[in-house]
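Quick note: to get my numbering, add 231 to the position in the sequence shown (first position is 1).
Please note that the accuracy of each hint is not assured.
Taking CB as the label site, the calculated pair distances span [claimed, not checked]:
1) 309 - 259: 22 to 28 Å
2) 311 - 268: 16 to 22 Å
3) 316 - 253: 30 to 36 Å
4) 283 - 307: 15 to 21 Å
5) 278 - 302: 19 to 25 Å
6) 255 - 305: 39 to 45 Å
7) 311 - 282: 32 to 38 Å
8) 305 - 282: 28 to 34 Å
9) 282 - 259: 33 to 39 Å
10) 306 - 257: 32 to 38 Å
11) 292 - 254: 33 to 39 Å
12) 264 - 302: 33 to 39 Å
13) 271 - 304: 19 to 25 Å
In case anyone wonders, no lab produced these hints; they're calculated from the structure.
Note that the Cβ used here is the ideal one computed from N, Cα and C, for glycine as well.
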Amino acid sequence: TVFLLWPPFFRELDGGPQREIEPGGSWSLDLPVRQQASTSWYHPHTHHKTGPQTYNGLADMFIIDDENSDDLPLPKTYGIDDNRTEFLQHRSSKCYHNDYERKINPSF
Numbered sequence: 232t233v234f235l236l237w238p239p240f241f242r243e244l245d246g247g248p249q250r251e252i253e254p255g256g257s258w259s260l261d262l263p264v265r266q267q268a269s270t271s272w273y274h275p276h277t278h279h280k281t282g283p284q285t286y287n288g289l290a291d292m293f294i295i296d297d298e299n300s301d302d303l304p305l306p307k308t309y310g311i312d313d314n315r316t317e318f319l320q321h322r323s324s325k326c327y328h329n330d331y332e333r334k335i336n337p338s339f
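Please put together the full structure from these sequences, using the hints given.
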């Protein structure tokens with residue numbers, strides 16, 4: 232089962248405990264976007280599995296444009312001067328397998 236978190240959107244559309252996606256299942260939604268331009272990301276929110284699921288690729292970005300986006304002095308030609316980069320920190324074992332180790336911070 233996977234939960235997805237879609238910050239900063241509405242709680243009823245969030246994939247929290249009220250919206251489980253079972254193995255082999257799917258979920259789709261029509262997402263109303265009512266905010267200013269931003270670069271956002273989605274990621275899992277499964278209890279004790281957020282780290283491993285994100286580490287293994289269940290996260291991505293999406294870019295929201297608004298009526299002011301074209302007026303901003305930002306690069307606008309994707310692949311030419313607008314290149315999107317995501318950074319994930321991975322550690323590989325000696326056999327070149329992803330080696331995710333969940334660590335709990337006792338101060339939390």
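Each hint tested on the structure:
| no. | hint | verdict |
| --- | --- | --- |
| 1 | 309 - 259: 22 to 28 Å | 25 Å, holds |
| 2 | 311 - 268: 16 to 22 Å | 20 Å, holds |
| 3 | 316 - 253: 30 to 36 Å | 33 Å, holds |
| 4 | 283 - 307: 15 to 21 Å | 36 Å, violated |
| 5 | 278 - 302: 19 to 25 Å | 43 Å, violated |
| 6 | 255 - 305: 39 to 45 Å | 41 Å, holds |
| 7 | 311 - 282: 32 to 38 Å | 35 Å, holds |
| 8 | 305 - 282: 28 to 34 Å | 32 Å, holds |
| 9 | 282 - 259: 33 to 39 Å | 26 Å, violated |
| 10 | 306 - 257: 32 to 38 Å | 34 Å, holds |
| 11 | 292 - 254: 33 to 39 Å | 25 Å, violated |
| 12 | 264 - 302: 33 to 39 Å | 19 Å, violated |
| 13 | 271 - 304: 19 to 25 Å | 21 Å, holds |
Checked against the numbered hints given earlier, the structure breaks hints 4, 5, 9, 11 and 12 and satisfies all the rest.
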